[in-house]
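Given only the sequences and the hints, what does the whole structure look like? Please build it.
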Amino acid sequence: MHEDNRGEADLDFAPPRKGISRRDFLKYCGLVAAALGLDATFIPRIAQAWGGTRPPIIWLQFAECTGCTESFLRSTNPFLDDIIFGAASLEYHETLMAPSGQNATQNLLNAAANYRGQFICICEGAIPTADNGVYGMIGGKTMLQIAKDICPKAKAVISFGACASFGGVAAANGNLTGARGVHKALGGYPTINIPGCPPNPITLVATLTTYLLNGSFPPLDGYGRPLFAYGTTNHENCERKLSCSAKCLYYYGCRGRTTYNNCSLVKFNNIVNTPGSPDGCWPVQVNAPCYGCSEPRFWDRSNFFLYNGHYINACEPVGP
Amino acid sequence: MSSKIVIDPITRIEGHLRVETEVADGQVIKAWSTGTLFRGIEPILKNRDPRDAWMITQRVCGVCTYVHGITSIRAVENSIDSFFTVPENARIIRNLLGGAQFVHDHIVHFYALHLLDWVDVTRAIAATDMDAVVTADQAISSSRTRDAAFFADVKQRLSDIAGSGQLGPLANGYWGHSGYTNLSPELSLIMMADYLDALRIQTRIIKIHALLGGKNPHPQSMLIGGVSLDLAMDESQWSALYSDLNNLCYEAKTFVDTFYLPDVAVIASAYPEYRAIGGTDNLLCFGGVADLSSAGDLMFPRGAIFNRATGSVQAVNEAAITEHVARSWYAGSAALNPASGATAPSYTGLDLDEKYSWLKAPRYNGQPMEVGPLARVMVAYGLGAVPAITQLVGDFLANTGMALSDMYSTIGRTAARAIETKFIIDSMYADWVNELMNRINPQFTTDTVGRVGFTLPPQPTCSGSFLTEAPRGALGHWVSYSSGGGNPQIVNYQMVVPSTWNFGPRDLSDVAGPVEQALIGTPVVNQQQPLEVLRTVHSFDPCIACAVH
Ligand code: SF4
Ligand code: SF4
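First to last, the protein sequences are chains C and Y. Using the numbering used here, read the first sequence as starting at 1 and increasing by one per residue. Using the numbering used here, read the second sequence as starting at 1 and increasing by one per residue.
Don't read these hints as lab results, they were simulated from the structure. Since this is a predicted model, take the numbers as computed values, not measurements. Think of the CB as a built atom: it goes at the ideal place given N, C-alpha and C, for glycine as much as any other residue. Do not rely on the hints blindly, as some may be mistaken.
Stretch-level coverage of chain Y by chain C, calculated; a stretch enters the list once three of its residues show a Cβ under 8 Å from a Cβ in chain C [unchecked claim]:
| hint | region |
| --- | --- |
| 1 | 40–53 |
| 2 | 162–172 |
Anything over 12 Å on all C-beta distances counts as not near chain C; from chain Y, calculated [what the hints assert, rightly or not]:
| hint | residue |
| --- | --- |
| 3 | A24 |
| 4 | D25 |
| 5 | V63 |
| 6 | D131 |
| 7 | A210 |
| 8 | P217 |
| 9 | F306 |
| 10 | N307 |
| 11 | Q367 |
| 12 | S480 |
| 13 | A545 |
Okay, structure coming up:
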């Protein structure tokens, strides 16, 4: 049997207990730069952008599962506490904020009034529109009404996740609540869409970084998605693309060829200092096909996998 | 004279919840719990391939993602389980994914979602003697090695936030409430340091999901018949994975031992009044978290406790589960077993005397049941079947001077969550990682099977169910589908999830749900700042998108 090395965890592996190590911080800025397609000379500028101003952010949660928030919490190490308490000012976010009830609502109203035209509004979740929006209420108001009140006061609205961008799971066939993406629910109101279920938080951070660096948001594609992240398909950067013997998952139903996203490039849950560990993972690394979660209406495009013997017996390599 | 307090939205939870209480003579005499969002996931599942269902059910909740995915997989597997056996490797990988989910969830809950109910940030900033803070820190756990400079730094960060005028998520909390004064400034500063640490540490623990599931939230490696992972590895891939899993578990275990469990004991000791309030009478555990063997031994045993009789745990009978909709915004009036359940929304406006929630009201043997960590721990304790849990409960009670009966309370619920976290991470670290890695070690074995193939059975209709435990409590999925023509389609899909049990409204007989009962008797000293209500509501770890789905 392999020797048991429990209890010998590398000391380097211990999490930072004090402040943020500069090395980690710059490494993360490097990832942001890479996500944006910028070279290393931009890293100091990115570090500076995140250390300086504190743009106000209002984060609204509609018909969602909170996976997008969880994604945001997850892989922003070392940014998480720095974003919410440092680089930006998170004025409203129901999952994270201390106050409840009227005190919470007061924060929303104050922020929308005090930072009118300046705050960035991040939306998570679809908006129920059927029956005047009664399927989603917060503080006695419908989500539809809240979106109508708050979004037009923002400097920009970012729809974070498949639900906010395109309606997502709530708007899949069988949708009884008239759930729609924010853009559509508000009658074509312009939004920056960062789809994915959940989306990669680095794409959100990189979008905000562009804004901090340039005072404007990055160029978008026809679906309102930032081109730096959604300009190429997952297939184009997939490690299995060039090698059929490496078990390309296309024949198991992988949608990587028609899915525009940076999963294969940037990966998820990054920054683990574990010896030997990759900087992040993505589904293809665990032999799971991409199901196309950053494309509109992906829930309804057909079965997720090819079940007729292919995927389920996927132990052996297939070609071509 | 009585008055009403409405808290809407309840924040620091998953989902959208409104809680209203009626207060007389400074105490809650009635409470109503309302889920304010309905997405209709069950109707959305209709007519889809049952083998795809897990993808959608996983989106019931983005916090405990994996659990809804795997429960769906196992409900479908249950419908055809005479056709195959899930491989051992898949069972262990599923255990690891499930265990990581619990450990991660509970740490995030205690620190990010619950701690600010017990700790006043402004008191933390008021700590002046950093040497006294260090002494207090080491008294909590001798393994803590933080120095005065560390705490001065935390204090400076908090002061900077407070002084910036942009308090962000901390703005407008119930700071200064007299209920916070139980905790000294020194302990408050320590707790805030741990709050900030936990925000970072949670990103690492869940990396286990990235390694075995491709990503988190919403890991992607699930499959009817096993897991998608390719377990044929060479020596170097194997040792990289072994060291990753081992180190991640070690780090999580260290955090639980050094911080989480001791911090919960600090809160339990500082707030003894919450040992006497916030309890419910009945507990239900479907059993699980992990299947310890292919024979079906469960890590947490199944059982039900009525009227706080910890010593007489009853067996669980699936047929005794019903869901009421009398006070919920759904059509129909019969209380149905989920195998034949229905979800037909019918909104009639918020009326506390009539219908007032999107949650249904689940009942077991006709009774409202609390589910979750407290139920799991007390059922295991009552049965005496899990020595490690009996020991951990005994130690916690001895450390804090609590009696066993005090566990039926707000503090008991929070303590049970920490106790089971320790039990789970200890099992992962000591057993499960080695169990898996020894099996797939390329030097010794070629057992790399993680999934099996099968063809769907010929019957025209199939049905299956699976009862298990999610971090927040008892969870069941029920599926029925037609399987004709190789193109199977879901006919009915029902989920009864933990927060539906805990936060459901009144039923046909006007019996209140668990949280509605738990709040009765809670003292409220300042109706503008109903901190006491929040403490009990948060102790259940509400998950409302999941509860309504
Ligand atoms: S996009 Fe996915 S992760 Fe985000 S809220 Fe919707 S279902 Fe949840
Ligand atoms: S690989 Fe595909 S399905 Fe997976 S997260 Fe990326 S876009 Fe979504």
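Results of checking the hints against the structure:
1. 40–53: Since 10 is at least three, the answer is holds.
2. 162–172: Contact hint for the region 162–172 of chain Y vs chain C: holds, 7 residues under 8 Å.
3. A24: 20 Å, holds
4. D25: 22 Å, holds
5. V63: 6 Å, violated
6. D131: 17 Å, holds
7. A210: 4 Å, violated
8. P217: P217 of chain Y is in fact no farther than 12 Å from some Cβ atom of chain C, at 4 Å.
9. F306: Consistent with the label, F306 of chain Y stays out of reach of chain C, its closest Cβ about 32 Å off (over 12 Å).
10. N307: Holds, because the least Cβ-Cβ distance between N307 of chain Y and chain C comes to about 32 Å, which exceeds 12 Å.
11. Q367: The assertion about Q367 of chain Y holds, with a minimum of 29 Å to chain C.
12. S480: Label holds. Min Cβ-Cβ 16 Å, cutoff 12 Å.
13. A545: 5 Å, violated
Going through the hint list in order, the structure does not satisfy hints 5, 7, 8, 13.
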